[in-house]
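**Student:** The chain contents come next:
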Amino acid sequence: MGTRGFGFGMADANITVDGKKITAPAGSLLIDACKNAGIEIPSFCYYPNLSLQGACRMCVVRVDAPKMPKLQTACTTTISDGMVVTTDSEEVKQSRKAVVEILLGNHPLDCPVCDAGGQCELQDMTFTYGASESRYVEPKNHKQEQQWSPVVFFDSPRCILCYRCVRVCNEAMDVAALGVENRGVSSLIVPNGGDHLDCEECGMCIDICPVGALTSGSYRYKTRPWEMNHVSTICTHCGDGCKTTLGVRSSEAGMEILRGDNRDKSGINDDFLCIKGRYAFDFANREDRLRQPLVRKNGVLTAVTWEEAVTAVGDKFAEVKQSGGVFGVIGSPRSTNEEAYLLQKFARSTLGTNNIDHQRTADFPAFVSALAGKPEMAGSMRDAYMVPAILLLGGDATDEHPLLAYQVRNNVRLHSAKLYVVNSQEIKLKRQAAEFAQIPAGTESGVAAFLAGDDSAVAAIATAITSADAWRALRETLRSAQNLLIAFSSDLQGDGIANIAKFAGSVSGAKVICLADYANSRGVADMGLYPDLLPGYASAAKAGLDLAGMSAAAQQGKLGALLVVGANPVYDLGFAADSLNNTFVVVQDMFLTETAAIADVVLPSASAYETSGTFTNTSGDLQLVKKAGDLHGTKPDFEIIVRIASAMGVDVSTLVPLGAGTTADMGQSRGAQSGEADRSAVYLQKQGLEARVSPFDAAALFDEIQRLVPGYDVSRMNLMAGNDVRTTTAGKAAALPASRGESLRPAHDTLFSSGSLGRYSRVLNSVAENRDSKLVEVAAD
Amino acid sequence: MSVVKDIAAVAKGMGITFGEMFQPTIVENYPDGPGPLKGAKFQERFRGAHVLQRDENGLEKCVACFLCAAACPCNCIYIEADENTEQNRVSGAERYAKVYNIDYNRCIFCGYCVEACPTDAITHGHGFELASFNATNLIYRKEQLLAIKPAQLGEGVTFNKAEMDRQGSTAG
Ligand code: SF4
Ligand code: SF4
Ligand code: SF4
Ligand code: SF4
Ligand code: SF4
Ligand code: FES
Numbered sequence: 001m002g003t004r005g006f007g008f009g010m011a012d013a014n015i016t017v018d019g020k021k022i023t024a025p026a027g028s029l030l031i032d033a034c035k036n037a038g039i040e041i042p043s044f045c046y047y048p049n050l051s052l053q054g055a056c057r058m059c060v061v062r063v064d065a066p067k068m069p070k071l072q073t074a075c076t077t078t079i080s081d082g083m084v085v086t087t088d089s090e091e092v093k094q095s096r097k098a099v100v101e102i103l104l105g106n107h108p109l110d111c112p113v114c115d116a117g118g119q120c121e122l123q124d125m126t127f128t129y130g131a132s133e134s135r136y137v138e139p140k141n142h143k144q145e146q147q148w149s150p151v152v153f154f155d156s157p158r159c160i161l162c163y164r165c166v167r168v169c170n171e172a173m174d175v176a177a178l179g180v181e182n183r184g185v186s187s188l189i190v191p192n193g194g195d196h197l198d199c200e201e202c203g204m205c206i207d208i209c210p211v212g213a214l215t216s217g218s219y220r221y222k223t224r225p226w227e228m229n230h231v232s233t234i235c236t237h238c239g240d241g242c243k244t245t246l247g248v249r250s251s252e253a254g255m256e257i258l259r260g261d262n263r264d265k266s267g268i269n270d271d272f273l274c275i276k277g278r279y280a281f282d283f284a285n286r287e288d289r290l291r292q293p294l295v296r297k298n299g300v301l302t303a304v305t306w307e308e309a310v311t312a313v314g315d316k317f318a319e320v321k322q323s324g325g326v327f328g329v330i331g332s333p334r335s336t337n338e339e340a341y342l343l344q345k346f347a348r349s350t351l352g353t354n355n356i357d358h359q360r361t362a363d364f365p366a367f368v369s370a371l372a373g374k375p376e377m378a379g380s381m382r383d384a385y386m387v388p389a390i391l392l393l394g395g396d397a398t399d400e401h402p403l404l405a406y407q408v409r410n411n412v413r414l415h416s417a418k419l420y421v422v423n424s425q426e427i428k429l430k431r432q433a434a435e436f437a438q439i440p441a442g443t444e445s446g447v448a449a450f451l452a453g454d455d456s457a458v459a460a461i462a463t464a465i466t467s468a469d470a471w472r473a474l475r476e477t478l479r480s481a482q483n484l485l486i487a488f489s490s491d492l493q494g495d496g497i498a499n500i501a502k503f504a505g506s507v508s509g510a511k512v513i514c515l516a517d518y519a520n521s522r523g524v525a526d527m528g529l530y531p532d533l534l535p536g537y538a539s540a541a542k543a544g545l546d547l548a549g550m551s552a553a554a555q556q557g558k559l560g561a562l563l564v565v566g567a568n569p570v571y572d573l574g575f576a577a578d579s580l581n582n583t584f585v586v587v588q589d590m591f592l593t594e595t596a597a598i599a600d601v602v603l604p605s606a607s608a609y610e611t612s613g614t615f616t617n618t619s620g621d622l623q624l625v626k627k628a629g630d631l632h633g634t635k636p637d638f639e640i641i642v643r644i645a646s647a648m649g650v651d652v653s654t655l656v657p658l659g660a661g662t663t664a665d666m667g668q669s670r671g672a673q674s675g676e677a678d679r680s681a682v683y684l685q686k687q688g689l690e691a692r693v694s695p696f697d698a699a700a701l702f703d704e705i706q707r708l709v710p711g712y713d714v715s716r717m718n719l720m721a722g723n724d725v726r727t728t729t730a731g732k733a734a735a736l737p738a739s740r741g742e743s744l745r746p747a748h749d750t751l752f753s754s755g756s757l758g759r760y761s762r763v764l765n766s767v768a769e770n771r772d773s774k775l776v777e778v779a780a781d
Numbered sequence: 001m002s003v004v005k006d007i008a009a010v011a012k013g014m015g016i017t018f019g020e021m022f023q024p025t026i027v028e029n030y031p032d033g034p035g036p037l038k039g040a041k042f043q044e045r046f047r048g049a050h051v052l053q054r055d056e057n058g059l060e061k062c063v064a065c066f067l068c069a070a071a072c073p074c075n076c077i078y079i080e081a082d083e084n085t086e087q088n089r090v091s092g093a094e095r096y097a098k099v100y101n102i103d104y105n106r107c108i109f110c111g112y113c114v115e116a117c118p119t120d121a122i123t124h125g126h127g128f129e130l131a132s133f134n135a136t137n138l139i140y141r142k143e144q145l146l147a148i149k150p151a152q153l154g155e156g157v158t159f160n161k162a163e164m165d166r167q168g169s170t171a172g
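Note that the protein sequences, when read in sequence, are chains L and W. If you're matching positions, the first sequence starts at 1 in my numbering and goes up one per residue. If you're matching positions, the second sequence starts at 1 in my numbering and goes up one per residue.
Among these hints, one or two may not hold up.
Claimed, not checked - Heads up, simulated DSS-like pairs for lysine-lysine below, C-alpha to C-alpha not over 27 Å straight-line:
(1) L:Lys265 <-> L:Lys297
(2) L:Lys97 <-> L:Lys140
(3) L:Lys321 <-> L:Lys97
(4) L:Lys140 <-> W:Lys38
(5) L:Lys143 <-> W:Lys61
(6) W:Lys5 <-> W:Lys149
For the record, the hints were derived by calculation from the structure and aren't laboratory data.
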């Protein structure tokens, strides 16, 4: 339901539909009012939150009072008090049947091979209104299918000209890459590049197409909707945390992911996914995924059994520990909360070291301490769509935080929110901005200081476009804004964050979001993947080595063993490959990365799509990560860490609390589909046995996280039902050293890159290549 | 008297026996009968082992729409779809069945799959000697189910460029 449906401040109207009395805000659309009352009116061109088209005539109804001469389109009729409507008379049905018949006039009989088959709105309408006999005998007008981009294909005969694709691209995405050519029956949807698309490749048009005219490069002709398993989980790329439903089929390797979408509009992202969420799950399907553990023998990485590899690691770790050697542990901001928590617990309690770190992309410790005692000031991803005013400070959200950009853009479009953009570049969101303030590159912290009241900071941030006076005016505007949401990029850290929080504290109802780059950047920070901070940002008794410290220790040959889980320190964390010659390196990864190639033991780990657990997105929304399937030969990082601990002779129940039971788990954490009973748990409970019998069950550790990590005491029931729940910053360490000297390594991803993982996605590569070649062509002209 | 009566009864009985002895046989002499069917006879509508049909050009009719698999009450049809390419054209439409298995351990010969097929690709043939000592033999692969290529297209006809290249290289 869009703004039109909200009807803020409008009086209620009482109308009668098919003899049933319903009440809805006056002025809302008849089609929405009926839908909310459980009366379905078929539609093709109408789509909630897009502009009205009135093109298909499928939604016609008879309006008896006030008397209208002709059938009316419910998608454009607004309701008024006393209206009487008939939606299911013979006349209406006949009219709809005629619409379907005309649509089918030149529609190919492609259903058996068409990607939409089984979930096609035209098929459904044909079944309902039954125009299955064609009275047209003329040959159909066939056209060749076109490929518009590596991911978008168009089969024009199947198009029913509802213009949803054009509108979603234009309005919701603000890309305007699709248009209409010609008129009447010869109308044709055309891409902006003539024969190809130059766009953000989000696939929203494909998703929204009611028929199979727009098809996806990664899914087309592979299978049918009902042949797949559908698993709803969280995208593993950026920090925004879109919910996605994966279409999965079994394959010789174990499983193959074919499709990602969020058609059911569950989750924080409505039906939005960017190119990464919609297509870049394909790294999980790659043939060069590691499927067997490797151990270096005579200088060569040799495939061995899990038993042998894990024993080798366990023995060596025990030996290093015995001889008082130095350990280093590097985690990944794409690990689940459970994996990150387990990793630091393993490092601290089993290996006995605080030398643990990860690729940090935002200064969460500063953020949390700045918000200490004011948990209500932490903004959520949903806020970005609902609040009346937004301040975006630094970064290019369209590239780095596609969901945030989408929500902000549509908040402006649908709710007339006011957007203030402060940036050194003219970013795309400037188009939606009520005000755009340009700053010299790298002066974001000056803006924070100025907003917090330091008038002397204005000199450094004033530019030709935004003068000192303009800055002062902008600060006044922002101060008087209601429920302002401030989202800032990693350009702000330490004092900058404190200043922004101070400013937010002076604005009524203001909230703040700290933007980080990866799917669980916030989560692993909360879980304490820091050398000096424990879970919940409590200070460690004695700080260990951070990434730079570990790298230096390795240089000096003082690092005894390095455990790398899902990271690639040689590639992007500043480790020289040859510095690790004297270190026993263990890598848990999906691929033979640069670091894995020089490791002593490589353990093939499962991707986030093959793991159960939870992710916390950059704004602190906690969501369930569900396992879509197993890839033979791999194991989740969680299980691998437990196995290593066990091989070191540790009682694993000290790491993973077995048998503690849970408050509510419907089995999703063990891979059961939603709605399906978790039979083994039911059985175990009935027999008086605990459901938590496996040390590899991440949910068992989540119990501990809920108990011990402040802010994670969320509604378990809500989480397990697949909803996003809010973690809070309540109770988290207030007294952090004001400036910890956080060293951030932001990824500065674009829509077509994703840290060190993007390289493994064929779709991202091919789209990027496609664009590069276009750029070269243009440059050559 | 009773002796006469008995003899008459026996004679009546034997009369029927001898009378029937010279009638034509109606029992089918399977498996000792003549011909490839070894004496078995079928009604047209008999539902035996499936045949995956080809079109008049010899291309496979199956377009891997999965409707048969969806209709099957025993879940015994397994399909993997793939896209036809210039190089490798198998069916007449965009998609073909790369893998098509029927598990005859489970098939109940209900014919729903045949009903469901929009391209008349899957049909019931008259094959009925399916018994096996090994259950795994009862999973029939596409190669076992496919109709032979139409005779009028001649020996060794192929539609598949890869296959053609292969044959060319062995011939040359
Ligand atoms: S768009 Fe719908 S009706 Fe048309 S061929 Fe595809 S499935 Fe059939
Ligand atoms: S391509 Fe699809 S969404 Fe676009 S106008 Fe045609 S039917 Fe509608
Ligand atoms: S916006 Fe982020 S979380 Fe959402 S689909 Fe894109 S990469 Fe994934
Ligand atoms: S046999 Fe027929 S019903 Fe089955 S997949 Fe092939 S075309 Fe579809
Ligand atoms: S005959 Fe019936 S049981 Fe056998 S494959 Fe077809 S649908 Fe399945
Ligand atoms: S839905 Fe109303 S005209 Fe298309």
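**Student:** If a hint holds in the structure, say so; if it does not, say that too.
**Tutor:** Evaluation of the provided hints:
{"no.": "1", "hint": "L:Lys265 <-> L:Lys297", "in the structure": "51 Å, violated"}
{"no.": "2", "hint": "L:Lys97 <-> L:Lys140", "in the structure": "20 Å, holds"}
{"no.": "3", "hint": "L:Lys321 <-> L:Lys97", "in the structure": "77 Å, violated"}
{"no.": "4", "hint": "L:Lys140 <-> W:Lys38", "in the structure": "50 Å, violated"}
{"no.": "5", "hint": "L:Lys143 <-> W:Lys61", "in the structure": "22 Å, holds"}
{"no.": "6", "hint": "W:Lys5 <-> W:Lys149", "in the structure": "69 Å, violated"}
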